[in-house]
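Protein sequence lines correspond, in order, to chains A and B. In this text, residue positions in the first sequence follow my numbering: the first is 1, and each later residue adds one. In this text, residue positions in the second sequence follow my numbering: the first is 114, and each later residue adds one.
Just so you know, these hints were derived from the structure itself, not from any lab. Any given hint could turn out to be false.
[Claimed, not checked] With beta-carbon atoms standing in for the labels, derived distance ranges:
(1) Thr111(A) x Lys165(B): 39 to 47 Å
(2) Ile60(A) x Asp180(B): 42 to 50 Å
(3) Gln14(A) x Asp180(B): 33 to 41 Å
(4) Asn138(B) x Ser55(A): 23 to 31 Å
(5) Ala141(B) x Gly40(A): 26 to 34 Å
(6) Glu127(B) x Gln17(A): 43 to 51 Å
(7) Lys165(B) x Ser81(A): 45 to 53 Å
Note that CB positions come from ideal geometry on N, CA and C, so glycine has one too.
Here's the letter readout for the chains.
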Amino acid sequence: EPEVTQTPSHQVTQMGQEVILRCVPISNHLYFYWYRQILGQKVEFLVSFYNNEISEKSEIFDDQFSVERPDGSNFTLKIRSTKLEDSAMYFCAVLRTEPYEQYFGPGTRLTVT
Amino acid sequence: LAKTTQPISMDSYEGQEVNITCSHNNIATNDYITWYQQFPSQGPRFIIQGYKTKVTNEVASLFIPADRKSSTLSLPRVSLSDTAVYYCLVGDMYNTDKLIFGTGTRLQVFP
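Bound-form chain B, shown alone (with noise of 0.2 Å):
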């Protein structure tokens, strides 16, 4: 499984667009990116999974480069709501039977 780095926490206010950026440089061929949001107390949330390019959900963004070392979600327009620890995941989703968690970002939402 691929290791990832993203950073430990971010501030931002209502309203604004919040992008938060994950590396995985040894990222492997089979290996899909998948982000979880978790709530304190409560189990993480699945947010949004892409192989390459961008994809989008009513939730949020991924974008994806071409050389896929690095992803990025992004929350549009966050809200008080959206203060939660943000995990980045690499694997091959579809022959793994366990998901790896680092640290995550833990992002603030200020009024």
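Excised from the complex, chain A in its bound form (with noise of 0.2 Å):
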């Protein structure tokens, strides 16, 4: 069973439009991470998140995106009024121990249209 899941596995919306993209981790895990990669592009740090509050955001993460815990158990980001240049994939990510590492959700495809 994956450790993390993502829900939806891809979303298309209208430009404007809301959308809240989630991540499940199985196992108790404190630290989240959100990345996105536009296609043939890097990987993009957005935010950090842990003990419920964000620990660091880049650039990218503007006043449209937020992040929540809302039940302790599902981690979302949420982009207000999105934008053409908004379609990526977005990847979700918790921090293990055994190894030392960030492990990547299987990711969800957004298309703004």
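Assemble the dimeric complex from its two separately framed chains, guided by the hints.
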């Protein structure tokens, strides 16, 4: 069973709409991360989350983005008003300690039309 | 975080050993070297991590010279399924939140 699942696997939305991407870690994790990868480009760090608050965020993570753990299990990334350039794969990651690594989920492909 | 330089692409054939070298001249004392693998439309997958000398696991080996300014990921006897992008990351893994990915090395394995 995968340690991290993400839903949906593919989300198509219209420009200006809000989207919520979900990450469900299987076991107890304390550190969570979101990354994105625009097609053909690098994997880019968005934000890290620890103890129910943002630990670090990149310049990409502007006011359009927010994260939360609404029920202590799911970890969500919300984009308030999507833009065409938000089209990308979004990966959730959790911190594992054996080995010490960031473990990535399968990703959500977001397509903004 | 130390800047890394690795080849853009490499080709190999099934059954061969593949060595991908990464340069990180500005590596700091607390930095570790970590390699990830990524298949198309999938999340990066941790392969191996080391600090110095040699590390080996069931997937790969990582060679790190004494000056730690470079490292080599060694994949023994590659198969078609090893075709992927391989990323070398350098950083203080225990005191940093973010992973900084470069463009990686695109490995193509031919039959």
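Practice item. Identify every previously stated hint that the structure contradicts and give their numbers, smallest first. Key: Violated: hints 2 and 3.
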